[in-house]
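Here the protein sequences come in this chain order: W and F. Take 1 as the starting number for the first sequence in the working numbering and just add one per residue. Take 1 as the starting number for the second sequence in the working numbering and just add one per residue.
There's no promise every hint is true.
For chains that are exact copies, the list does not tell them apart, and a pair is met inside one copy or across any two.
Said to hold, decoys possible - Below, in silico cross-link-like pairs of lysine to aspartate or glutamate (EDC-like), each with a Cα-Cα straight-line distance of 16 Å or less:
| # | residue 1 | residue 2 |
| --- | --- | --- |
| 1 | K178 | E163 |
| 2 | K495 | D418 |
| 3 | K167 | E104 |
| 4 | K495 | E425 |
| 5 | K129 | D441 |
| 6 | K129 | E316 |
| 7 | K167 | D372 |
| 8 | K171 | E402 |
| 9 | K129 | D372 |
| 10 | K129 | E375 |
| 11 | K178 | E67 |
| 12 | K171 | D401 |
| 13 | K280 | E163 |
| 14 | K53 | E163 |
| 15 | K167 | E261 |
| 16 | K280 | E32 |
Hints are computed from structural coordinates only; laboratory data are not their basis.
Number of protein chains: 2
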Amino acid sequence: MGTSFFLAIYNVMTKVASFVSLGFIHFDSESEDPLYRQLYNSIRHEILAGRLKPGSRLPSTRGMAQELSLSRNTVVRAYDQLMAEGYLEGQIGMGTCVARDLPEEMLTVMGTKAHTELESSHDGTLEAKPILSQRGEAVMPIPYRWEMSKSGAFSTTIGEMNEFPTKVWEKLLISSWKNLSSEELSYQSSCGYDFLREVLATFLQTSRGVHCTPEQVIITNGAQQALSLSVDLLVNPGDQAWVENPCFNGIRAALAAVKAEIIPVSVDSEGLNPEEGIEKAPHARLAFISPSHQYPLGVTMSLSRRLQLLHWARQENAWIIEDDYDSVYRHSGPPLAALQGLDQSGHVIYVGTLSKVLFPALRIGYMVVPPDLVEPIHTMRAHVDRGSSILEQVVLAHFIDEGHLARHIRRMISLYQDRQSVFIEAVQTYLPGLLTVEPNDTGLHLVGWLPEGADDQVVSQELAQSGIDAAALSSFAHEPLVRSGLVLGYAAVPKLAIIQSVQRMKPILERCVNS
Amino acid sequence: MGTSFFLAIYNVMTKVASFVSLGFIHFDSESEDPLYRQLYNSIRHEILAGRLKPGSRLPSTRGMAQELSLSRNTVVRAYDQLMAEGYLEGQIGMGTCVARDLPEEMLTVMGTKAHTELESSHDGTLEAKPILSQRGEAVMPIPYRWEMSKSGAFSTTIGEMNEFPTKVWEKLLISSWKNLSSEELSYQSSCGYDFLREVLATFLQTSRGVHCTPEQVIITNGAQQALSLSVDLLVNPGDQAWVENPCFNGIRAALAAVKAEIIPVSVDSEGLNPEEGIEKAPHARLAFISPSHQYPLGVTMSLSRRLQLLHWARQENAWIIEDDYDSVYRHSGPPLAALQGLDQSGHVIYVGTLSKVLFPALRIGYMVVPPDLVEPIHTMRAHVDRGSSILEQVVLAHFIDEGHLARHIRRMISLYQDRQSVFIEAVQTYLPGLLTVEPNDTGLHLVGWLPEGADDQVVSQELAQSGIDAAALSSFAHEPLVRSGLVLGYAAVPKLAIIQSVQRMKPILERCVNS
Numbered sequence: 001m002g003t004s005f006f007l008a009i010y011n012v013m014t015k016v017a018s019f020v021s022l023g024f025i026h027f028d029s030e031s032e033d034p035l036y037r038q039l040y041n042s043i044r045h046e047i048l049a050g051r052l053k054p055g056s057r058l059p060s061t062r063g064m065a066q067e068l069s070l071s072r073n074t075v076v077r078a079y080d081q082l083m084a085e086g087y088l089e090g091q092i093g094m095g096t097c098v099a100r101d102l103p104e105e106m107l108t109v110m111g112t113k114a115h116t117e118l119e120s121s122h123d124g125t126l127e128a129k130p131i132l133s134q135r136g137e138a139v140m141p142i143p144y145r146w147e148m149s150k151s152g153a154f155s156t157t158i159g160e161m162n163e164f165p166t167k168v169w170e171k172l173l174i175s176s177w178k179n180l181s182s183e184e185l186s187y188q189s190s191c192g193y194d195f196l197r198e199v200l201a202t203f204l205q206t207s208r209g210v211h212c213t214p215e216q217v218i219i220t221n222g223a224q225q226a227l228s229l230s231v232d233l234l235v236n237p238g239d240q241a242w243v244e245n246p247c248f249n250g251i252r253a254a255l256a257a258v259k260a261e262i263i264p265v266s267v268d269s270e271g272l273n274p275e276e277g278i279e280k281a282p283h284a285r286l287a288f289i290s291p292s293h294q295y296p297l298g299v300t301m302s303l304s305r306r307l308q309l310l311h312w313a314r315q316e317n318a319w320i321i322e323d324d325y326d327s328v329y330r331h332s333g334p335p336l337a338a339l340q341g342l343d344q345s346g347h348v349i350y351v352g353t354l355s356k357v358l359f360p361a362l363r364i365g366y367m368v369v370p371p372d373l374v375e376p377i378h379t380m381r382a383h384v385d386r387g388s389s390i391l392e393q394v395v396l397a398h399f400i401d402e403g404h405l406a407r408h409i410r411r412m413i414s415l416y417q418d419r420q421s422v423f424i425e426a427v428q429t430y431l432p433g434l435l436t437v438e439p440n441d442t443g444l445h446l447v448g449w450l451p452e453g454a455d456d457q458v459v460s461q462e463l464a465q466s467g468i469d470a471a472a473l474s475s476f477a478h479e480p481l482v483r484s485g486l487v488l489g490y491a492a493v494p495k496l497a498i499i500q501s502v503q504r505m506k507p508i509l510e511r512c513v514n515s
Numbered sequence: 001m002g003t004s005f006f007l008a009i010y011n012v013m014t015k016v017a018s019f020v021s022l023g024f025i026h027f028d029s030e031s032e033d034p035l036y037r038q039l040y041n042s043i044r045h046e047i048l049a050g051r052l053k054p055g056s057r058l059p060s061t062r063g064m065a066q067e068l069s070l071s072r073n074t075v076v077r078a079y080d081q082l083m084a085e086g087y088l089e090g091q092i093g094m095g096t097c098v099a100r101d102l103p104e105e106m107l108t109v110m111g112t113k114a115h116t117e118l119e120s121s122h123d124g125t126l127e128a129k130p131i132l133s134q135r136g137e138a139v140m141p142i143p144y145r146w147e148m149s150k151s152g153a154f155s156t157t158i159g160e161m162n163e164f165p166t167k168v169w170e171k172l173l174i175s176s177w178k179n180l181s182s183e184e185l186s187y188q189s190s191c192g193y194d195f196l197r198e199v200l201a202t203f204l205q206t207s208r209g210v211h212c213t214p215e216q217v218i219i220t221n222g223a224q225q226a227l228s229l230s231v232d233l234l235v236n237p238g239d240q241a242w243v244e245n246p247c248f249n250g251i252r253a254a255l256a257a258v259k260a261e262i263i264p265v266s267v268d269s270e271g272l273n274p275e276e277g278i279e280k281a282p283h284a285r286l287a288f289i290s291p292s293h294q295y296p297l298g299v300t301m302s303l304s305r306r307l308q309l310l311h312w313a314r315q316e317n318a319w320i321i322e323d324d325y326d327s328v329y330r331h332s333g334p335p336l337a338a339l340q341g342l343d344q345s346g347h348v349i350y351v352g353t354l355s356k357v358l359f360p361a362l363r364i365g366y367m368v369v370p371p372d373l374v375e376p377i378h379t380m381r382a383h384v385d386r387g388s389s390i391l392e393q394v395v396l397a398h399f400i401d402e403g404h405l406a407r408h409i410r411r412m413i414s415l416y417q418d419r420q421s422v423f424i425e426a427v428q429t430y431l432p433g434l435l436t437v438e439p440n441d442t443g444l445h446l447v448g449w450l451p452e453g454a455d456d457q458v459v460s461q462e463l464a465q466s467g468i469d470a471a472a473l474s475s476f477a478h479e480p481l482v483r484s485g486l487v488l489g490y491a492a493v494p495k496l497a498i499i500q501s502v503q504r505m506k507p508i509l510e511r512c513v514n515s
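Okay, chain W solo, but in the shape it has when bound:
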């Protein structure tokens, strides 16, 4: 940090005969700090280190300036600052001394770890590891990282960004910013921007069969916040909650935070089995499901199971959180309506996100809650973080209202369908006997089943070393699964890269599967 030199050992005898040693005053000629600031730092440091005692007199500004060859103004500024902050007292010209009310014993304690402000980094390391709350400890072990390989194959975190209508979004950004009023730049409703709630209500009604008024639509900071708000608001420590096995890890964190008991319920070709749930925990407080396109297995919950689940929730006065994960990407057959549309007694909280449809860093999700929950969620959100930033909500509202979202989804459906076909063909061609995939009507990923006996965690780790993200199916499980597999996202990978990446998997799978 450049040469630093000691200017002077400065001792001065003041009129009232108290003796002060200013000790080492540091000036760093290469520092970006102005001289007055360096002088301020040196004196402050001496006081905090307990070497300049409370009550001891400092030289006059004129005397100090002469001795240190500084302009008097520099010294005055440093003294002013030190007086304003309570380190010095007295009036300039009348004699200045170290503030008498400083608790000396504390200064000495500070001094044991004294450091100067010229050091660039903070040495405030706790003496002991921080003690976290029970809530804190409970969520620490839950996995949450999204690191993508350079190739992007086969992460499930994002769709194809090259096809995003960047220009349209930019146009809307500019017009939305220009049209924001002063009132809109102030605090907004914690439920979100009203026009966005309106257009989302219409979008969800028509495309997903969701039954709601705009008031029931609440904008969140991604789907994860919808989960954490719902669970915080409705689930007590010790309450039981059904989750699909395997399932999306986001709900685990939300449930762990409130110390709920997680009840894993098997998923088969008809989705989560409510009968098993009722057998294991008949009085559970909540069930978390992804009925349209189960994450990660991709199955659709049958109508019969949906009705059973709703019947149970109504009888037990339990809540159903419906995560409508990537269901808009259905490429064959008509879209299936949301379970929420079947609910007639207000027990379903419908959750969605635009992270996969637009982009994750947008951090806009939404929930549709029964009318009686609107006000409690509103209050909860206000206390958690007040609400979401307004600008991108406005942009998104117009993006939907002008039909860009529907157009974008239509384009991406056909792109993702193509990529799924290429992916399946590549797996069948290059990985026979090593990985089994089946077509799925919707979504951005498939489960690749491994041969019996293969450890998907090992396979996943080996693939990661070759730059391929393939999450182990078992990492989404709460209880051991019958088969092991990999969760493979093809949506963000161009066709050629899909084929090359599948080819690259071959030697690794051969090694892992046969060992």
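Once you've looked at the hints, dock chain F against the given chain W.
Only chain F this time, still in chain W's reference frame:
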């Protein structure tokens, strides 16, 4: 909703002799739903109402089309959708019937509150009020609304937006959006955008005397999220927490959520008094303070008290949350350094926001945490909502880096200083004996003291009816205060409006004070 008419009571005897009454099929000629969708809705509704029993046969698509005078294609689409969703089974042409696996008793239950999808709003009202969690119940009573009067006088929620450098922000919005990479549009670090953390670290070091590396800076969704994350991570139910009396209500919600015991500690002209805190709750887990400019009283905590507080925190291994509320707006004298800069043992969590410096709807705040807390906060945030939206973080980073923030603050300081003078003069001129205000070196608001015996809640309510936002000082108190007063924000009110608003307060204050 237009005229709706009943097309037919449609009865048909099928080949296998099971008799089906399709009941009332509704078509609404003015509905935006296509005919196939209306047919789908009618049949689905009959099934869910239990009037079309599982196993009963429907007419062929051809037969249905003829009877209803629809194109066969319309009927095929409706049947297709109903089969995809599991309401019908069988193959078209071979005979179609209501799915046999539908649980009949549940359909009947659904039927008791049956409604058609043609209704625009959801009737999913809970039979009983929703039962909230203990956490939910605990935060519900805490006040959180920010409604601004039309005049904007004298709300404390926002600064003067007309002076915001809108054009600069717009330019940065465009360039930031254009330069975002695909990777940056994916999930980001929950700690925030790295470049923003860097420039904020520098800004806080130079302008606030905060000691930190960029890694210690964590971007949050406003200061409120910083409070709620910290408390959730560090405070257990039953733990004691010192708060200033009176104090910012945001911390109350965060502490109520974890069922902490709030210990109010008096604030005098030197700020919070640690000796009183130690007497009331020596082993408290946390102290919440706003030392630079106490909210709402506006006092600055003395150096001696700061050292006492730090000494206590170190001895008890307790946490200090330092809310550095609007401290950058100091207009006279040098800025006072943050308490965090005195902390040498890592017990201070420093919290700030850009809501008052830029605008509240931006929802960007920050916290500076000791190195050992970075990873736990990172994890906690990931589980709560993954992180903040990226675009405005990028914009803000460049706004700071290019010097616009410092320039904007300088301009606003002089504007707010002027407005404070006008406000004080107006109060002294028009409200003598009714309201007492004293100048303050910093901030966007002042406390106006009421004469002895006046009830500030009543005064506040009366003023609100005349369009003047003047929060009652007692609404920030946990224990009765010695004096009653009003919290009056002058920053967003032009000079003439300040004078007019003060004049408008006169008859109301006279009435309230003398009654």
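Evaluated hints:
Proximity of K178 to E163 under the C-alpha cut-off of 16 Å is restricted to the inter-copy arrangement: shortest distance 15 Å between copies versus 26 Å within a copy. Taking the shortest alpha-carbon separations for K495 and D418, only the intra-copy value of 8 Å comes in at or below 16 Å, while the best inter-copy value is 64 Å. With identical chains, the CA atoms of K167 and E104 are never at most 16 Å apart, being 64 Å at best within one copy and 52 Å at best between copies. Taking the closest pair of Cα atoms, K495 and E425 come within 16 Å of each other only inside a single copy of the chain (11 Å); across copies the shortest separation is 72 Å, beyond that limit.
In the homo-oligomer, the alpha carbons of K129 and D441 never lie at most 16 Å apart, since the shortest distance is 50 Å inside one protomer and 39 Å across protomers. With identical chains, the CA atoms of K129 and E316 are at most 16 Å apart between copies only, with a shortest distance of 14 Å across copies and 43 Å within one. Taking the shortest alpha-carbon separations for K167 and D372, neither the intra-copy value of 40 Å nor the inter-copy value of 43 Å comes in at or below 16 Å. Taking the shortest Cα distances, K171 and E402 sit within 16 Å of each other inside one copy (12 Å), while across copies they are farther apart (24 Å).
Taking the shortest Cα distances, K129 and D372 sit within 16 Å of each other only across copies (7 Å), while inside one copy they are farther apart (43 Å). Taking the closest pair of Cα atoms, K129 and E375 come within 16 Å of each other only across two copies (12 Å); inside a single copy the shortest separation is 40 Å, beyond that limit. For a Cα distance limit of 16 Å, the shortest separation of K178 from E67 qualifies neither inside one copy, at 58 Å, nor across copies, at 56 Å. Taking identical chains as interchangeable, the C-alpha atoms of K171 and D401 lie at most 16 Å apart only when both belong to the same chain, with a minimum of 14 Å there against 25 Å between chains.
Within a single copy, K280 and E163 get their C-alpha atoms no closer than 46 Å, and across copies no closer than 62 Å, so neither meets the 16 Å cut-off. For a Cα distance limit of 16 Å, the shortest separation of K53 from E163 qualifies neither inside one copy, at 68 Å, nor across copies, at 47 Å. Taking the shortest Cα distances, K167 and E261 never come within 16 Å of each other, neither inside one copy (47 Å) nor across copies (52 Å). Proximity of K280 to E32 under the C-alpha cut-off of 16 Å is found in neither arrangement, the shortest distances being 66 Å within a copy and 45 Å between copies.
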